[in-house]
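Asks: Produce the entire structure from the sequences given, and follow the hints as far as they go.
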Amino acid sequence: MNTTRLWLLIIAATCAKGMVRSNGRPWEESFRLPETVIPEHYELYMHPDLSAKTFSGRVTISLTSQEPRDHFLVHSQWLTITNTSLISKKGNQSQDVHIIEAFSYEPHQFWVVRMDQVEAGSFELTLHFSGSLINGILGYYYSDYTDGNGKSRGLATTKFQPTYARRAFPCFDEPGFKSTYSLTLVRPSQEYRALSNMPVKKETQDSPSIGLTEVAFEKSLPMVTYLVCFIVCDFTFKEAIMDSGMPFRVYAREDRLSDINYALEVGKSVLQMYEGMFDLPFPLPKSDMVGIPDYSSGATEHWGIITFRETAIYYNSKDSSSANKQRVASVISHEMAHQWFGNLVTLKWWDDLWLNEGFASYVEYKGVAHVEPSWEMEFQFCTKTLLPVLGDDALVSSHPIIQTVETPDQINSIFDKIAYNKGASVLRMLEDFMGEYFQIGINAFLKKFMYTNAVTQDLWNELTTAWAGHVPVGAKSDVGAIMNTWTQQMGYPVVTVKRAAPDTLVFSQQRFLLDPSAQYNPDDSPFRYKWDVPVSYITSANSTVQQSWFNHEDSTLEVKVPAEVTWVKVNVYYKGFYRVNYEADMWSELGKLCASQALSAADRAGLYSDVFALADAGLLSYTVPLDFSRNLASESDYVPWDAMTATFVDIQRLLASSDAYQPFKDYVSSLVEPLYSSLGWDDEGDHLRRLLRTDVVTLACISGSDACLEAAARKIESWVLDATSPLPLDARRQSYRWGVVKEGDREMWEVMWQRALGETSATETDNLYYGMANFQDTSILQSYIELSMKEENVRSQNFLAILEYISTNPVGNSLVWDWVRSNWEWLVERYTINDRYLGQLIPRICRYFATGQKLTEMEEFFSQYPEAGAGERYRQQAIETVKYNIRWVNDNAATILAWLQAPLPSAGNH
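Note that the sequence shown covers residues 504 to 1413 in our numbering.
Just so you know, not all the hints are guaranteed correct.
As the list claims (entries may be wrong) - Result set (DSS-like, lysine-lysine): computed pairs, CA atoms no more than 27 Å apart in a straight line:
{"id": "1", "residue 1": "Lys722", "residue 2": "Lys741"}
{"id": "2", "residue 1": "Lys951", "residue 2": "Lys681"}
{"id": "3", "residue 1": "Lys821", "residue 2": "Lys741"}
{"id": "4", "residue 1": "Lys681", "residue 2": "Lys593"}
{"id": "5", "residue 1": "Lys1168", "residue 2": "Lys1095"}
{"id": "6", "residue 1": "Lys1357", "residue 2": "Lys920"}
{"id": "7", "residue 1": "Lys705", "residue 2": "Lys789"}
{"id": "8", "residue 1": "Lys704", "residue 2": "Lys722"}
{"id": "9", "residue 1": "Lys950", "residue 2": "Lys869"}
To be verified - Okay, the calculated beta carbon distance ranges per label pair:
{"id": "10", "residue 1": "Ser877", "residue 2": "Pro1019", "range": "48 to 56 Å"}
{"id": "11", "residue 1": "Asn1296", "residue 2": "Lys704", "range": "39 to 47 Å"}
{"id": "12", "residue 1": "Val1314", "residue 2": "Ser1180", "range": "21 to 29 Å"}
{"id": "13", "residue 1": "Pro571", "residue 2": "Lys951", "range": "31 to 39 Å"}
{"id": "14", "residue 1": "Lys1293", "residue 2": "Trp1327", "range": "17 to 25 Å"}
{"id": "15", "residue 1": "Leu1290", "residue 2": "Met953", "range": "44 to 52 Å"}
{"id": "16", "residue 1": "Ala1101", "residue 2": "Ser1180", "range": "21 to 29 Å"}
{"id": "17", "residue 1": "Leu1407", "residue 2": "Ser1011", "range": "30 to 38 Å"}
{"id": "18", "residue 1": "Pro1406", "residue 2": "Trp1327", "range": "49 to 57 Å"}
{"id": "19", "residue 1": "Ala1101", "residue 2": "Val1314", "range": "38 to 46 Å"}
{"id": "20", "residue 1": "Gln942", "residue 2": "Asn764", "range": "29 to 37 Å"}
{"id": "21", "residue 1": "Lys1293", "residue 2": "Ala1149", "range": "28 to 36 Å"}
To be clear, the hints were calculated from the coordinates, so they are not data collected in a lab.
Positions of the beta carbon are idealized from the N, C-alpha and C atoms, including for glycine.
Replies: See below:
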């Protein structure tokens, strides 16, 4: 070795040791833990005090350092750590390590343990700690409910994803660290039980005077901190036995046991179906599901013990709507998919969140379709998952599916529609062009990386490697290269189809943006906002789906068709994540196919969505989608109407201050009136028919149908006089919402409020909250907000929803906006700016602002409170959306009014 190289190696080693010796205080330099310290096992003792609403505990973390160091870091937030000790382990010998100091570094949520430098090796870090159970409903927290006898009951439960395990116990709170856990949980001896990821190993009761029992659980499989769960509650359960002999249980409060039968049925069935689909048995010795009264999200996939918000697990055919039933099935199927993809194999860092959540958001449709094959879940995917995210991803403030995050705020902010909906949509597109190789690759990947501490590179690269060698026919590159054009740049294309000759179609692509004047730099993307597009199509001459590849390097794609072809439908079943534009005569032909229902429900829904979105973006005159919408008069399926319900509501709200507002409402009312008259309010028909009824009632009432509003008023008047007066299950929520519009007064509101206070069903309570938000008297709405602020009246998890519900009432929108601006500091204190649901509140309130005055108010508010936390990107999206709204009204209101005032075309001419 030459002298120069030797000195370079010495210098490099010295620098490396300098970093480890923390001369630069490395805990101040990064939010990330060092990857050279590996936690292998946690001995965790937790003692919640339900009376004092506090907890205490101790944890011993067995860890290995792969290099010499003079400090250790663990995550800790809102914990009081009273004792820290460190032992060096060498074989069977242990030696205390002198700790110089141990302290909290709050900016990065670290507990820092400094000592003289120790050599690489094994250690045990023990910490004693305590905390409060009433710091919100994240981490380790207290939840309560009123039982069937009117008695208040309490429980202690956990919600750790993504960065809240550190609020319960000091830990390595990053997804790249998998460890085993041995948990002991203290519970009151009488009436209460302890639940966790693993089965109970042993219970030890203290003396009767103390009245406590220590519950030790079996050692867990390797898992990450956000999947750890422990609960002390007085719940009971129902049980089913899997074909494998494993017990499957659903836990609930005793007075709600009748509401968990469907969850038990769905959970067991889907879990068994996934075992076959993934070709891997469920790896734990038991599987539980638990409904929690206070819960921040819909559910969390803790391994072996999934926890749910009550509205996502309780269903009763006597009291619940078809939409409630579908939500229960969907959420359970989503969380069950995570038991393999997310739990068995876990992302190394949050950059890959989209794959974790997108995968479960896609696979959940397979799970629901397995238990409810008549629900047409493949078609419902379009309106429930794909179409909603196309709006968000058409903004320049969107973001790529894969993006770098570091801070807890950034991590929280990416739990959004891009991760869930777009992630699911591009995976659905991927499976469509890969066929059976999609699942083959998934299963090979799961078998290769199950239980590993962290995927060696990143989840996505490893997964695309599993698909290597299965290049789709006609594609120029491999699956990874194709999908990079969808994951490494935001947005999506609009593919334009033109007929260059009788037998020749020419396709071009460009980035689709809602605002045609939006400025962006193509060089910001490695692919200059071009995509590898799987172009699927059928024609009038051939109903068999054909596919060509439009590679991102190519300016156009040329496809030959028979000269006699009169129409072509591109993006069959809307499997691709792109919109399609056609020439005027082709739109007309496709409209006729929609009217005759010659195309699938998914294709019809996609065409209605595309034609309006293209006009929104200035790529079509607005007369084209308006003409196209007349075909809805012949439409009777749920999925197309579901797509158009959202579109019509959006247009009405944007036109609210224009002369076109009332004429457009009248037009929508005329379209929906025949279907409304046919369906009525009664709970009749199959599942899809009942979902359709809900949309039709909503659209009829919001469009001002006197018949609809009067029917709703009569139902609520009867219900106010007699709480046992029957309301339709499927349209119950709409009964409350629209029944208060015509004659709703303070007396009626008070009746609803008192019944909400005494209601034990979370679903029915939310229905009442939604209805009470639609009173037309702002003084009533103001009182509603003030009363809802008090947690003894409304759970904190529901307050933001109430604000949003009121904001969707045109009468209440400005009221909520003013209240939020005046009370922002109170909201931040209550929820923290790390709360993504608080961050999402602003764009939801401002969604239909369409004036320069409102835009100025937003900009001033953001300037006054510049620290946005997890809401930073949501603020950007809100500003961009309002600028778009202003442009949209200026460009389209007059055109829409002129179209509405023009004579109707002759019969048959669409």
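Asks: Would you mind marking each hint as holding or not holding in the structure?
Replies: Hint by hint, here is what the structure shows:
no., hint, result
1, Lys722 x Lys741, "holds, 25 Å"
2, Lys951 x Lys681, "holds, 16 Å"
3, Lys821 x Lys741, "holds, 19 Å"
4, Lys681 x Lys593, "holds, 22 Å"
5, Lys1168 x Lys1095, "holds, 24 Å"
6, Lys1357 x Lys920, "holds, 25 Å"
7, Lys705 x Lys789, "holds, 16 Å"
8, Lys704 x Lys722, "holds, 9 Å"
9, Lys950 x Lys869, "holds, 21 Å"
10, Ser877 x Pro1019: 48 to 56 Å, "violated, 42 Å"
11, Asn1296 x Lys704: 39 to 47 Å, "holds, 42 Å"
12, Val1314 x Ser1180: 21 to 29 Å, "holds, 28 Å"
13, Pro571 x Lys951: 31 to 39 Å, "holds, 33 Å"
14, Lys1293 x Trp1327: 17 to 25 Å, "holds, 19 Å"
15, Leu1290 x Met953: 44 to 52 Å, "holds, 50 Å"
16, Ala1101 x Ser1180: 21 to 29 Å, "holds, 25 Å"
17, Leu1407 x Ser1011: 30 to 38 Å, "holds, 35 Å"
18, Pro1406 x Trp1327: 49 to 57 Å, "holds, 51 Å"
19, Ala1101 x Val1314: 38 to 46 Å, "holds, 43 Å"
20, Gln942 x Asn764: 29 to 37 Å, "holds, 31 Å"
21, Lys1293 x Ala1149: 28 to 36 Å, "holds, 34 Å"
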